[in-house]
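Residue numbers (the numbering used here): 1 to 429.
Some hints could be false.
Claimed, not checked - Label-pair ranges, simulated between beta-carbon atoms:
| no. | residue 1 | residue 2 | range |
| --- | --- | --- | --- |
| 1 | Ala173 | Asn321 | 16 to 24 Å |
| 2 | Ser111 | Cys313 | 24 to 32 Å |
| 3 | Pro328 | Ser60 | 29 to 37 Å |
| 4 | Ala264 | Ala55 | 22 to 30 Å |
| 5 | Val225 | Phe291 | 28 to 36 Å |
Claimed, not checked - Okay, derived cross-link-like pairs now, EDC-like style, lysine to aspartate or glutamate, Cα gap no bigger than 20 Å in a straight line:
| no. | residue 1 | residue 2 |
| --- | --- | --- |
| 6 | Lys174 | Glu52 |
| 7 | Lys257 | Glu52 |
| 8 | Lys257 | Glu316 |
Source of the hints: derived by calculation from the structure; they are not laboratory data. Ideal Cβ placement from N, Cα and C applies to all residues, glycine included.
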Amino acid sequence: MNLSSHKPAQPSDHPPPPSPYRWVVLIACWVSFTLTSIDRSTWGPASVFVGESLAVPLASLGAFATAYYVGYVVSNALGGMGVDRYGGRIMLTVSLLGAGIGMTAFGSTTSATVGIALQALVGLFAGADYSAGIRLITSWFPAASLGLPMGLFTTATSLGTAIANTVVPAMIAKYSWHTSYHTFGIVSIVLAGLLFFLVRPGPMLDADESRSDRPARRLDLGALVRNRSLVLTCLTGFCGFWGLYGFITWANALMIKGHSVTPATAGLVVSVFAVTAIAVKPAVGYVTDRFFGGARRTPTIAILAVFGGTLVCFGELGNPNALIWLAPLLGAAAYGWTPLVVALVPRLVPPSVTGSASGIANATWQLGSVVVPVVVGMVFSATGSFSAAFLALAAGPFTGCLIMLAVRERSTPEAGTPQEAAPAAGSVR
1 MNLSSHKPAQ
11 PSDHPPPPSP
21 YRWVVLIACW
31 VSFTLTSIDR
41 STWGPASVFV
51 GESLAVPLAS
61 LGAFATAYYV
71 GYVVSNALGG
81 MGVDRYGGRI
91 MLTVSLLGAG
101 IGMTAFGSTT
111 SATVGIALQA
121 LVGLFAGADY
131 SAGIRLITSW
141 FPAASLGLPM
151 GLFTTATSLG
161 TAIANTVVPA
171 MIAKYSWHTS
181 YHTFGIVSIV
191 LAGLLFFLVR
201 PGPMLDADES
211 RSDRPARRLD
221 LGALVRNRSL
231 VLTCLTGFCG
241 FWGLYGFITW
251 ANALMIKGHS
261 VTPATAGLVV
271 SVFAVTAIAV
281 KPAVGYVTDR
291 FFGGARRTPT
301 IAILAVFGGT
311 LVCFGELGNP
321 NALIWLAPLL
331 GAAAYGWTPL
341 VVALVPRLVP
351 PSVTGSASGI
361 ANATWQLGSV
371 VVPVVVGMVF
381 SATGSFSAAF
391 LALAAGPFTG
401 CLIMLAVRER
411 STPEAGTPQE
421 AAPAAGSVR
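Please model the complete structure; the sequences and the hints are all you need to start from.
Quick look at the structure:
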């Protein structure tokens, strides 16, 4: 039957009472997402040293990041469907466990070819963590109030970047790049076991969604593709992530090689960039919930415009102190739009396909992360220009602004009520 006519488990006038446990689930998902973000961001400060150890030239280092994001994109697309079928707890555990094993193995590699393959493996497992977290959080929080929890949840990416750029350079200086990968790999494995026994789905799911004997579902991908606003939101995220993860992947190496900035200073710049976002993301989510009635479109356009402009300014700077001073504004703009598009996706689809839609959306967004490391590497190698590399990064968020103008935002009723306003996005049998 069509999901848009699916009957709720609870009467709409008797919603389930809020449970304090929903914050436990949010924190658990946030910790998991932070770990996979650290796993991903470890490459930035370690890249130059890995290249020297494995005899890989600077222009070819993007292949490692691209391999990771290829696996990450595939994992998001397939992991979201797995989340809807097997549940958030199972996929959260599998994601962390596989990523931890891959990180530990990468820390012991002596071959560039094997290292690239292991980066793809880490990404392949880490990607499922996102849709699992979205699925669990939306099962505990109503759709109209997702801004704040999604803002808190998505601080994990910026916190992971800050931790990696603070801890990894110190580990490399005292030990080696191998130690950083071994450490975070083992932590991920241990956390996977803990979360398996801690999290459970919430009452916002339909009755048959929480049954262990529920019938198999078939996702109607055609309906998702026909959802115009969902597709445009996916393209907007692609453009935003082009700038965001292009900066995370290349900022350290560009500052070190392009402006002779010390590795410690480059790490500080990226850490300041990421730390700022920890406060900005929940603040943006709260403000849009409280003062914009949950609207995401207009704030997204404004923040992406600032992001693009700040990238252009950053590319024109050469003084390390100036880079540090601009880093907070760049971080706020680079990350501030992310909780908005994350919270927008559940408003565009029925709750039974939240995991699949979120996974496919994030997979599309991460395609920007797949392409941009290679493109920026080619631009910098061809021009030797710091500013040219950042102009290439800024093209992403500027294009995202234009695409988001065409999005028609719809309000989706809270999970557990009939989906009258949301377009049908899938079907079940």
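TODO: Just pull the numbers of the violated hints for me, sorted ascending.
DONE: Failing hint: just 2.
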